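So the chains spell out like this:
Protein chains: 2
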Amino acid sequence: MRIAVDVMGGDHGSRAIIHGAARAAQEYPELVLELYGPRRHVLAELSRLPQPLAAATSRLIPCDAADGVPAEATAAWALRHGRTTSMACMLEALGDSRRRLDAAVSAGNTAAMVAFSRRALGMLPGIKRPAISTAIPARRQRQCYLLDLGANVDSPAQRLVDFAVLGAAMAQSVDGVRMPRVALLNVGAEATKGSSRVRQADAVLRGHGAAGVFDYRGYAEGGDLYSGALDVMVCDGFVGNAVLKSSEGLAGMLVERVQNAFESRLSGRLASLLARPVLRRLKQELDPVRYNGASLLGLSRIVVKSHGGAHAEGFYYAIRRAMQEVEHDLPGRLAQRWQAMP
Amino acid sequence: MRIAVDVMGGDHGSRAIIHGAARAAQEYPELVLELYGPRRHVLAELSRLPQPLAAATSRLIPCDAADGVPAEATAAWALRHGRTTSMACMLEALGDSRRRLDAAVSAGNTAAMVAFSRRALGMLPGIKRPAISTAIPARRQRQCYLLDLGANVDSPAQRLVDFAVLGAAMAQSVDGVRMPRVALLNVGAEATKGSSRVRQADAVLRGHGAAGVFDYRGYAEGGDLYSGALDVMVCDGFVGNAVLKSSEGLAGMLVERVQNAFESRLSGRLASLLARPVLRRLKQELDPVRYNGASLLGLSRIVVKSHGGAHAEGFYYAIRRAMQEVEHDLPGRLAQRWQAMP
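Note that the protein sequences, when read in sequence, are chains A and B. Letter by letter, the first sequence follows residues 1 to 342 in the working numbering. Letter by letter, the second sequence follows residues 343 to 684 in the working numbering.
Hints may be right or wrong, so weigh each one.
[Stated by the list, open to error] Below, in silico cross-link-like pairs of lysine to any residue (SDA-like), each with a Cα-Cα straight-line distance of 25 angstroms or less:
(1) A:283 <-> B:625
(2) B:625 <-> A:324
(3) A:283 <-> B:602
(4) A:283 <-> A:337
Just so you know, these hints were derived from the structure itself, not from any lab. A quick note: this is a predicted structure, and the numbers were derived from the prediction, not measured.
Sequences are here, hints too, so could you generate the full structure?
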């Protein structure tokens, strides 16, 4: 398996990304990673890798690219001026069948990533724009895919329907959910509520659901995301982005409060024995994008976005996500699903 | 002070509401509460109040009303068929100056509450529709008002601007924040991002901010709600509702996980000594609406919505919220602010 990695995105610099990549390469001996970024810089970081990560260096291939996409760049700027960036080079390479790449992973600018991906890879037949999705941890050891997370704002009804089909296909292909339970996010469960776009999408989805493609459950509210009773929750990208980022913020604050509350009651030694390991695990579980990576769905190839704030470990998980999608041939399965739709 | 209470809303029945009301009356000897609902039913619940709550019975006045608003009722249904409901009677009474009521509190159907309030009380001059807002607990012992929470979906730019002014005025009047820091929820902090409505509202707010009415901070992302760096966050009601309900769902799941994690590591006795009190407090802090109540802003009078899932304690806090708003003459202060706007 051969995956392209953009070393220039993310808040923690290319060292964290290269460490994450090295960990994946070390753990999976069949994995080759192409590292896109200024070659001298990449080589310098590779030379500093500690053991045992350094052992994987032979499968970490530097691929020269001049610069990174600025965090504040727009899609339009990226398309016009970003040809030489590591992200654009990586996605062009993924789109070139002679390069035999299976997937690409970046922690960089999302808008640029969506724009480059559409241009370099193209969409699956019948899908207009990519959607971004990640698995949110839920009760009863379950998870729920939330989409869109910000690739689309002001989504018309038909795009919400597309998200439902994409999300359901992902739950089916990657996680083996036979009949994914899909709901449409709304302000209430009653049929009379919500915006006209959401109500229109609901009408179309009731038809699909009946066709047995997935189990459409109608409207759900924000809290149902965590109930464990749904596999996919669909909403406009503005809403999904707000829900995801506020959840991240809340989880961070909560973990901090639990920590403070326990540390003020327990002695330092007891706290470190009892509370800290539990809290560390909680933090990981509750920081979905930072640890899971988010998938760009609807493209002809596999592209995973790692959280901009991810450290090496988060980037490692984003690569693992990409590997899973490669193993299950996600774009192929999505295309099949799409053709099977009534 | 005289506050009207709708005993017919909420998931836990009128007993929880009457208990919450009795607790408020017992604690505040100057408080008189009018209890709207079927008189025999209210009297029966009052007769069953345990001591010391029963001592406040003389200031809990039953006001007969035939029935409640069904949970699934629409605003249109309520306006057409809901005249005899406890909620409508309570809000008509609040609108009647001879009744000398200061505020009204209900845990019932939000859509009906907004519709009845508009009809019975009217809006402040210049404001078209009520917004719903609650204080979200944030880092550094702060809070941030989030609005709208679902009274308006598909809000045009001007309504987002109204929300900013209302939220800032509330932080100023009720909490004494001299120059509230207000932000507009968006998918990113960059000026080029977001829907056209949000960008239009931003352009107008940059003008207001310069006028020194409040400190407009531009765009913020979902996570900034919990940062403690903002006093007011503004968004469309669809988005606010999704953010609030997903936060409630996440907080519930998290508290459960922390509890399980500690209980599996600590003996039962240690767990109950150390973990449970901390968790109980956390639950309260993190369930904003259930404990704070949500305010309907922009009406000529004070109306507070208690969470439908609130128990007696949550309803008690909603009454306290209404009392605070009465003490600070919130509608009068809002009207002043509105006139002072450029």
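For each hint, the structure was consulted:
no., hint, verdict
1, A:283 <-> B:625, "holds (18 angstroms)"
2, B:625 <-> A:324, "violated (37 angstroms)"
3, A:283 <-> B:602, "holds (15 angstroms)"
4, A:283 <-> A:337, "violated (35 angstroms)"
Against the hints set out earlier in the document, violations occur for numbers 2, 4.
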